[in-house]
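Generate coordinates for the entire structure from the input sequences, incorporating the hints supplied.
All you need for the working numbering is the position in the sequence shown, starting with 1, plus 39.
If you are wondering where the hints come from, they were derived from the structure by calculation, not from laboratory data.
Backbone N, C-alpha and C fix where the C-beta goes; we use that ideal spot for every residue, glycine too.
Warning: the hint list may mix true and false statements.
Label pairs and their computed distance ranges (CB to CB) [claimed, not checked]:
1. G64 to A127: 32 to 40 angstroms
2. D110 to H147: 27 to 35 angstroms
3. E148 to S49: 17 to 25 angstroms
4. G64 to K114: 14 to 22 angstroms
5. E131 to D48: 16 to 24 angstroms
6. M40 to V126: 32 to 40 angstroms
7. I152 to A66: 18 to 26 angstroms
8. D125 to K41: 30 to 38 angstroms
9. P95 to Q155: 28 to 36 angstroms
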Amino acid sequence: MKTCLIVDDSRVIRKVSRHILETLGFAVEEAENGKDGLERCAETMPDVVLLDWNMPVMSGIEFITQLRKRDGGDKPKVVFCTTENDVAHIREAISAGADEYVMKPFDHETLQIKLQLVGFA
Numbered sequence: 040m041k042t043c044l045i046v047d048d049s050r051v052i053r054k055v056s057r058h059i060l061e062t063l064g065f066a067v068e069e070a071e072n073g074k075d076g077l078e079r080c081a082e083t084m085p086d087v088v089l090l091d092w093n094m095p096v097m098s099g100i101e102f103i104t105q106l107r108k109r110d111g112g113d114k115p116k117v118v119f120c121t122t123e124n125d126v127a128h129i130r131e132a133i134s135a136g137a138d139e140y141v142m143k144p145f146d147h148e149t150l151q152i153k154l155q156l157v158g159f160a
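Printed below as a string of structure tokens:
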């Protein structure tokens, strides 16, 4: 089964994302910040990470920078999910190692398209 880790400080976003991902056949884990997300990745590296940009404790950019340095950290497809929509933010996310980018709020169809683009839907 495909696995996805949702790293987002919003319980509502995690709940909505989990519902969409489970209907697409993913086993889902959740973390409420980047530090918790890295700990989950140390336990089991997911196939896909849905990653929020702005979080307490550790931001999405800090998370992905550290993830990509780890053994196996190059494997997960990372989709940034954020309200930041300017070109500079998108460029920064891709430069840091993100595979795709989706704007909040997103729906089932939008997330499914993004997952197809990274080879997981």
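Here is what the structure says about each hint:
Separation of G64 from A127 is about 35 angstroms and conforms to the stated range, judged on CB atoms against 32 to 40 angstroms. Distance hint check: the CB atoms of D110 and H147 are about 34 angstroms apart, consistent with the given range 27 to 35 angstroms. At about 21 angstroms, the CB distance of E148 to S49 agrees with the hint of 17 to 25 angstroms. A hinted range of 14 to 22 angstroms for the beta carbons of G64 and K114 is consistent with their spacing of about 19 angstroms.
For the pair E131 and D48, the beta carbons lie near 19 angstroms from each other, so the given range of 16 to 24 angstroms is met. Restraint check, M40 to V126: a C-beta distance of roughly 36 angstroms satisfies the suggested window 32 to 40 angstroms. At about 21 angstroms, the beta-carbon gap between I152 and A66 stays in the expected band of 18 to 26 angstroms. At roughly 31 angstroms, the beta-carbon separation of D125 and K41 lies within the given 30 to 38 angstroms, and the hint holds.
In this structure the hint that P95 and Q155 lie 28 to 36 angstroms apart at CB holds, the actual value being about 32 angstroms.
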